[in-house]
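Chemist: Now for the letters of each chain:
There are 4 protein chains.
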Amino acid sequence: MNHITFQQDRELDFIGLGRLCIDLNANEINRPMEETLTFTKYVGGSPANITIALAKLGARTGFIGKVSDDQFGRFIKSYLHKLNIDTRNVVTDHTGAVTGLAFTEIKSPTDCSILMYRNNVADLKLEAGEVQEDFIKRAKAILISGTALASSPSREAVFQAIEYARKHQVVIIFDVDYRRWTWKSKEETAIYCNLVAEQCDVIIAGREEFDVMEIVTGPEVKDDSATAQRWFERQAKIVVVKHGGDGSIVFTKDGGSSQGGIFPAKQVIKTFGAGDSFAGAFIYGLLQGWPVEKCQEFGSASASIVVSSHSCSDAMPTVEQIENLIREHRANSSI
Amino acid sequence: MNHITFQQDRELDFIGLGRLCIDLNANEINRPMEETLTFTKYVGGSPANITIALAKLGARTGFIGKVSDDQFGRFIKSYLHKLNIDTRNVVTDHTGAVTGLAFTEIKSPTDCSILMYRNNVADLKLEAGEVQEDFIKRAKAILISGTALASSPSREAVFQAIEYARKHQVVIIFDVDYRRWTWKSKEETAIYCNLVAEQCDVIIAGREEFDVMEIVTGPEVKDDSATAQRWFERQAKIVVVKHGGDGSIVFTKDGGSSQGGIFPAKQVIKTFGAGDSFAGAFIYGLLQGWPVEKCQEFGSASASIVVSSHSCSDAMPTVEQIENLIREHRANSSI
Amino acid sequence: MNHITFQQDRELDFIGLGRLCIDLNANEINRPMEETLTFTKYVGGSPANITIALAKLGARTGFIGKVSDDQFGRFIKSYLHKLNIDTRNVVTDHTGAVTGLAFTEIKSPTDCSILMYRNNVADLKLEAGEVQEDFIKRAKAILISGTALASSPSREAVFQAIEYARKHQVVIIFDVDYRRWTWKSKEETAIYCNLVAEQCDVIIAGREEFDVMEIVTGPEVKDDSATAQRWFERQAKIVVVKHGGDGSIVFTKDGGSSQGGIFPAKQVIKTFGAGDSFAGAFIYGLLQGWPVEKCQEFGSASASIVVSSHSCSDAMPTVEQIENLIREHRANSSI
Amino acid sequence: MNHITFQQDRELDFIGLGRLCIDLNANEINRPMEETLTFTKYVGGSPANITIALAKLGARTGFIGKVSDDQFGRFIKSYLHKLNIDTRNVVTDHTGAVTGLAFTEIKSPTDCSILMYRNNVADLKLEAGEVQEDFIKRAKAILISGTALASSPSREAVFQAIEYARKHQVVIIFDVDYRRWTWKSKEETAIYCNLVAEQCDVIIAGREEFDVMEIVTGPEVKDDSATAQRWFERQAKIVVVKHGGDGSIVFTKDGGSSQGGIFPAKQVIKTFGAGDSFAGAFIYGLLQGWPVEKCQEFGSASASIVVSSHSCSDAMPTVEQIENLIREHRANSSI
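For the record, the sequence lines run as chains A, B, C and D. With the first letter of the first sequence counted as 1, position 291 gets the number 291 in UniProt numbering; the numbers rise by one all the way through. With the first letter of the second sequence counted as 1, position 52 gets the number 52 in UniProt numbering; the numbers rise by one all the way through. With the first letter of the third sequence counted as 1, position 257 gets the number 257 in UniProt numbering; the numbers rise by one all the way through. With the first letter of the fourth sequence counted as 1, position 226 gets the number 226 in UniProt numbering; the numbers rise by one all the way through.
What the hints contain is simulated information worked out from the structure, not anything from laboratory work. All values derive from a computational prediction rather than experimental measurement. Treat the hints with caution; some may be incorrect.
Heads up, the list lumps identical chains together, so a pair's fine if it works in one copy or across two of them.
[To be verified] Straight line, CA to CA, 30 Å or less: simulated DSSO-like cross-link-like pairs of lysine-lysine:
#1 K82 <-> K107
#2 K82 <-> K186
#3 K237 <-> K167
#4 K266 <-> K107
Just chain A, same shape as in the assembly:
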């Protein structure tokens, strides 16, 4: 029991909505990008990663988004398709938009950065009229990724999707996923993220992301419990506050909270993808009806696997891999 009730008669467990991008990961790592010679391409973008995570865990998933009408757009769509992610609502742009790119630079496991290409990207061209009510109503849950709010017309598409989800009792999960690019100001971010958060059942964000959402209305003191409480007064039933290397705290509407640490990784290659793999596995747990503590542990173990790998999407683990890690970890801890 975890406070979330999913409609059981649904064809899909989960739909992701938002960014579909290409990650170009440096092959020669532990150096500045200037000295990198080659890059490997992967599907990327936070909601894409989360959906892929769920698909690899065995959930029946789908996606709502927009891709460019070129080789990269086709690659993304066919990659999702191969993972059995339903792409019927992945629209192809016809205005000359491009696929967003993220070139990763890994100077050291703790000094990573990203060179983004976000001008005229297809994912932000998704229009309200392209969101299919008939698709949304088939799902138990939908994930709204906050970057999709960063500009029009994608922003309106999000509000449209939320309208449909509410109408059909689809559980709405909001991953704030705040990235500075594209947003005009933090005030703008706060206004739209708050308008969305108000209507969501589950809210997942880092402490700094909640801080941005609170710059206009306060409260002055940044306090996880107060933050969660604010949203429980609206629609939220679960609020997850992420604290990076210090783990996460999950609050539930009944007043409960669960502090979770991170799983020690064998060999951290980079920090990218930790949040997405956590979110994917956590949501998977919710769908199974697990207690939030178990969801949280499952998420942390998944993150630990991804940070030890070269990619984000490709490295998303299976249930077995996660369970093995948890088992191993417990064995070690009990020695």
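Given chain A, work out where chains B, C and D should sit, using these hints.
Modeler: Same frame as chain A, now just chains B, C and D:
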């Protein structure tokens, strides 16, 4: 008693938010504009007109908006000031924006049109950060004019103002005021007007405006009562559906409704300004605590005076003028 | 004889190219615009004024430009038509552009200013493909107004028109008409005005306008004669340097120059329109084959008449009016 | 003797102006890009390639351009620096622009395509005021790359550079390098390329590029000789018309022309870079004072080497490599 409870300890009765423009009314009327030689200038814009109406009726009013840094901007601000409208939150633009213009063409009392200048207008440049919480909390009621939602950053300023108004129990009145200019699509209009309407206590719109708001989510059948009901499930306590020459229907949350006709005008010059004068006088009635039927009659009488005049803002009547008209009208009717 | 040879077998004497606008002149003058109540509308825009001047002097004229698809656009086109100005290459915009506006403020005869509306104006939407070679080749001379260079696609239309004019030996006259609005920087102005001036037979500009054109390439010392010389090395045969209230100097390629004063006006109302009326009458003289001194005097007399009137375009004088003034002036001087 | 006289007292032989980009070349070739896993990064962009070609041939070179303020911009600048290309006039953007990208897709040696990223690119942000007169006057020749004309402010920077080059007798070479992206229409391309070509000493373009330049003014019949003649009437002394796989024709102002074939490549990997390597080696020959026939042969041999390699810039050959190939080829031909 009219279902709306105003906080009584407030310094201001009413704040308008949105467009501040210049009307340039043809002096030589009953002909196409091509043959007009001269124009007379007035302050215009729907929320400006409504606020002026309330000021002339004796209410203590203020305004939140943005004006151009030129002769027209200064004229508007000084005009409001002369009517005792508090302009402390009327900001001056410094980006080179201009004042919106409306050249009116009066071919006949029933064939009027407007030539709009809405490129790079100051009113749509109002930013969220420029809306003063300290000003809003001094008022009993705030009017949100829908055109302020038509583009950013003014759109965000509206959401900001609503956030402050809710926080301080300021009654929120939404005048949809849908004008095609500036909006990208009807879907966009529907999405943002619905996000606002959800949070308002009083909603005033024409039937066609409600139709636009309902294009996405339905209902299929356009029905005034169903429209009102939808909003009573959210925050609304009063919904006014305007039917142009056929009057208006006012719905109240307790299930009541009041059908109101229009007042016969002595000599209709043009139809501009009818809606704004109605809204101003209707809101004045709410502030007095009058029953909605009385508010409605007061509004209709006010509209009848304005359509018989050359201007909108300048022609807004006093309480005495409206009461005289109502008295006269009753006398005639009883003969 | 004036150094310019016009092709004599042409149907039209003159074609103007560029801005077609509306002037809204304050009726209540000698006060700030804030206190102006009414405005009178006239056709305006420098090349429009010059073409109207020539039409009123009896030249056979035409125009190349673009007007908005509304009442103001139709008013402009019909006004030109009434003056027998050939409007076959006055195109109507269909993108929702508006007519540029100039509200004039006359605080005193020497303190005048203009409030411009230049956002999304139709005149700057003229496209290269809309300029008719077949129309240009019918004319003796074409006037390029520098404001048409201020942005694309009108800028490209100018270069297209010049290409056609050169091909068909149409005399090219360049009126720099530098207005700060729309241009991004003085460097940009200099670059494009120089690219045009290089290809022109007659160049007319104020001293300050030549200064802008010389900011990139010098010469350091601002000297009328050096300025003129620079263009005589390219295509120019006549260079007119205007000095406002101090009159003008006309340089000719053969090394000649003529200093001209201004005509005393009976009662100066405003300074607007002085330059356009001068240019129109000066070009009229060139077309008659008059010596430049006589063209210059004719221009100055025309300017004197216009500054004594309320409008620019409407007040452009006839040959008779100008000749009367010159005669009168000579009579007075000889006393 | 080749009709071009270079000022001999110059510190630099050659300056390139325009695009500085990144090529990301598919490592797994002969397949659609969807199936490519990794990409190798190189410096790219036509004028960059030509300048690199000249640097590798031993010419003293420099560059005028703008790079992004990120890892890619720093990589480009340091790469040029390592080849002794003078980068003092390579400006760093500070507006958030990115480096243009070209992902190459090599399906087969004859079926290659490029996926371009050209939104908000740094190279098109070069401003007129950033072009250094003091740098240009140190060179014998400057190359204008047509893509730099595709939009403002880079377009104005080109005209500025030409103004300086003319002032200081720097030979101006125009490589039309027409790419559809960024240009609004072919008419726009024609107008600006013609304005530049008018002022150039050497013009290099493919037949299809000259066709675009002639769409407005004709001539109707596309004829290489007529095309060349048109420019000889202005400033041009040499006009090179490229015919892809059929080689090139070089026209000289004295009426001469030289037909040149292509060099058979041992193993063609892709066609990218053929034109740039030809241009680089051809210009190198002009700088040596070689007859145009010899320049042409040198250019063709260079192209043959580049199309047999994986990259463009990195593969630019040395004088020795080109001479070896020519010698080998003659030996084979004479058998």
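Chemist: Please work out whether the CA atoms of K266 and K107 approach to 30 Å or closer within one copy, between two copies, in both situations, or in neither?
Modeler: Answer is within; shortest intra-copy Cα gap is 19 Å, inter-copy 41 Å.
Chemist: At most 30 Å between CA atoms: does that hold for K82 and K186 within a copy, between copies, both, or neither?
Modeler: neither (38 Å within a copy, 37 Å between copies)
Chemist: If the cut is 30 Å between Cα atoms, do K237 and K167 qualify within a copy, between copies, both or neither?
Modeler: Both. Shortest intra-copy (18 Å) and inter-copy (22 Å) distances satisfy the 30 Å Cα cut-off.
Chemist: Within a copy, between copies, both or neither: where do K82 and K107 come within 30 Å Cα-Cα?
Modeler: Classified as between; 23 Å across copies, 33 Å inside a copy.
Violated hint for the displayed structure: number 2, the only one.
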